[in-house]
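Colleague: Chains as they are written, first to last, in my numbering: chain S, 1 to 262; chain V, 1001 to 1388; chain L, 2001 to 2354.
To be clear, the hints were calculated from the coordinates, so they are not data collected in a lab. Check before you lean on any hint, since a few could be wrong.
[Unchecked claim] Mimicking BS3-like on lysine-lysine, the simulated pairs with C-alpha atoms at most 30 Å apart in a straight line are:
hint	chain 1	residue 1	chain 2	residue 2
1	V	Lys-1382	S	Lys-152
2	L	Lys-2074	S	Lys-152
3	V	Lys-1348	S	Lys-65
Below are the chains, spelled out letter by letter.
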Amino acid sequence: MSRAIYWISLVLSMLFLALPLLLVLPLAFNESSFLTYPMEGFTLDWFKIAFTQPPWMPAFLNSLKVAFGAAVVAVVIGGLAAMGTMLSGRFGQIILSGLFISPIVIPSVVLGVAFTYAFGRAGFGGGYISLVLAHAILGAPLVFLSVMTSLKGLDPELERAAASMGASRAYRFRTVTLPLAAPGFMTGALFAFVTSFDEVVVALFLAAPQSTTLPIALFSGLRDRLEPTIIAVALMLSLLSLMFLLVLNWLQQRSRYKTRGK
Amino acid sequence: MRNANGNRLATVMLLVMPLMIYLLFYLYPLLTVASQSVDNSTLYEQFQTLSEVVEEGSPDERAAALVADLVAADRRDLAEAARNLNQERSGFRSLLINSGKKAEEIPPTMEGLIAFDKRWGQQVYWDILARNIAPITWRHFQKASGFKPDGDGGFVQAEGDDIYLRIMVRTIVIATQVTLLTLLVGYPLAYAAANGKPRLATIVFMVVLLSFWTSILVRTSAWVVLLQTHGLLNNLLISLRIISEPLQLIFNRFGTVVAMTHVLLPFAILPIFNVMRTIPVSQSDASRSLGAGGVETFLRVYFPQTLRGVAVGGGTVFILALGFYITPALTGGPSDQMLSYYIADFVKKSLNWGMASVLSVMLFGCVVLILGLGSGAWLLFKSRKGGH
Amino acid sequence: MSSLEIKNIDKFYGATQALFDVSLNIEMGEFVTLLGPSGSGKTTLLKILAGFEPVSSGTILMNGRDISLLSPEKRNFGLVFQGYALFPHMTVHENIAYPLKVRRVAKDEIDERVTAILDLVQLGKFAGRYPAELSGGQQQRVALARALVFKPDLLLLDEPMSALDKKLRVDLQEELRDIHRTLGTTFINVTHDQEEAMHMSDRIAVMNHGRIAQFDTAFNLYRHPDTRFVADFVGKSNILDGEVVQEGDTAMFRAKGVAVPLPEAPTMLEAELMIRPEDGTVEVEAANDGRIYLPGKVLSSTYSGDRALYSLAMDMGENFIVYGSARSGIHGDGARVLMGFAPGDCTLLRKLNG
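If we strip away everything but chain S, and leave its shape as in the complex, we get:
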């Protein structure tokens, strides 16, 4: 009886989680412009449209530019913040961690309003720079968390061992701490990139027409008219997500292999 309840709830939950995308994404190959089954024939036209007609390609390139910039800035500030926080005292660690993580819990609309207001007053609203900075703030906590995790996982004896062999602080950091924390930096960078690449709300506030990102294009498309092109774009984005997931998996496997046996 209890097993039956478990299996039924598991199957239903799995269907709820997986089915929508599995059902909807194949419609990107449907010849008909009606998004419904049965499919009327196989076509790649919708992908062709996505690649050739505005706003998709420019928006995709904008997204790449913004996400790349945001990830770089986020890695620098989140990484430095994590390293500085690791070196400070117990009380300092609590305060600093709270500060550096806090953008995660602030609703993105609130952040969007704040960025728009302050950046607008400072005179650089509505451009790449404002979007990169805003997305970097959203991504920095993720880098911070992932670098903190990998730094905390380091055996403090390793640093001491290096010191006992005569290595200076800077040399120790460069040859021991940094290489071992590298997977944390890369994971953080990946998170920051994806966060920016998928971000809609803040982008809706900040993006000027010429810096429209892919999520904004998708959002307007969805509000406007639901066409198969949107599903084609969604399918490609899903494949991109799958790729990110595989890269992340690989990163984690690699760091696990190296520290295994301890």
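Position chains V and L relative to chain S; hints supplied.
Modeller: Just chains V and L now, kept in the frame of chain S:
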């Protein structure tokens, strides 16, 4: 000791840049926008002369100050001020704008003002002015809550003025519904990923992770295609002859809650999964060897230990759901929009920073409250565990 | 003569004192072990020697030079960590080359020295492996090689055997002693295992509650412990509590039911007398040979082939453990026996106040 100093220097050097960027591009924007919720600089600057005498000055001094301010006023700023004051008492707009147009002809005495428009003789207009030309104002908070001062030091709420409070309640209700649903759907998935046979566990876990990494927009759009009037679900039900007319599945509360649940599901599953993974199987085996049945073992040994994960997962989903904007905007109707929608609306439609700021403060307050309750409960839990 | 002098070291952690006036003189080339139960301060002393903890007061002199304020990387001491602390992202070769790279040694010489030290620890074939691909014993030897390759003035070993199983431990003790003999470097080893300490060390510093209880050779610690703590911690012992009295020309140790003549008159009045289990014998009747015989009965016995370890309940109230000959049979539980010992085999212990 030299070591400690070296550390401190390194710490400061590492932290300078991140702290500067957080300060300039994060804390400063948040604080300036939060200050907009009580900012009254437009009205304060407009009536600067008057604000110095409005409390203590004689009637003629007040009249002279008002006329001077009106003479100096820019036409457009005055209209803005008049609109704000009109919200306190209708008719104020015309009074102020008319007085402003002729300000140079009005003699700067109380008598002259009353002669121009006898409404200046009523104390209520002066009281409203006095309340609204201070450097800070509670006007936006009063509008958001619907509570206004009744003139005797108390507050009254007029019929229909509680619109933002009702939106606040609606936001909390939707967030609660979504939280409960994600936990209900997520728990068995987390259980299967943590305790299922290796193959099943891997599949479930990969699906959860893939869902987590797939853009919110992509998943929301799948639901739109699925639930719309001539969407997959309606067509399926019609072709199976279960229904004859399409059901309204989207642009209402049902669509919003279902899509939000789907989008937020991974945030509930991952924390529960992480806790479940640490519970040794031998515990359940031990319970069963002691004579407890499967259900009893689950309820008395397993489930209580997963509550920490349930709390973290539920809390995360609730906080995220409170601030949701995209999914309700695409799958909800007008009466399913949450606080975020109205915040965005005030900025995009009317550049009303004051109201956007007040609603932001309210939303943020909710988040802080939940976080405070959560960490309080956690501390209590820890102290009970540590000190028996 | 070059040496390491530890002079009057105190160490405080906040209000609690971890080390009390610790002084040791260690000769170059010596193998010294710091031995003590957990919390005795031996690890704290090692951390201070390595430079990871500052002293609260006192000095450390290396060849007459004060090094107590020097940071770890400037001390030129090798250190083998309890968990080995091998760098997981470097191969065995890279791990061992690390201290040489730090010292800017030329690449050819690095390869030469790494190969040589790997041969010394018998790991020549493993140079290209990562630490995670090695067994515990192999990792331990890499850690040792890494700490020795730069010819440190001193090698510190922090419970290097604690993570290994018994068999491996004995092999490595042997190997460590050989390496010590080959290189002639000063070794300072920390352990709570008295057997390990006695097997390997030239001298052992027994530590208790942050103080050096006794610093001496293994033989002296065992045969002539200063205090009851050392006697108990280093081997098994029977200890009688009593007083020293002068009777005519001879000094006598007197406890309840026993009087033992002492070879020379000690200065103290209250004292304890130690008899090692192997110094006693189990007899059925007393002989008139100057030995002392005390009556008791057998509580239990453990037979180990060459002899039997008896647990005896003495009539005077104490319980003793004594090795007895097992060539002609074993006394059964409850049998009335005599425990015999020669006064000259006993050791008088100082009684510490408190």
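Colleague: Hint by hint, say whether it matches the structure.
Modeller: Evaluated hints:
Between Lys-1382(V) and Lys-152(S) the CA atoms are separated by roughly 21 Å; this keeps the pair inside 30 Å, and the hint holds. Proximity of Lys-2074(L) to Lys-152(S) is assessed by CA-CA distance (about 26 Å); at most 30 Å being required, the pair is judged to hold. With a C-alpha separation of about 26 Å, the suggested pairing of Lys-1348(V) with Lys-65(S) holds against the 30 Å cut-off.
Checked against the numbered hints above, the structure violates none of them.
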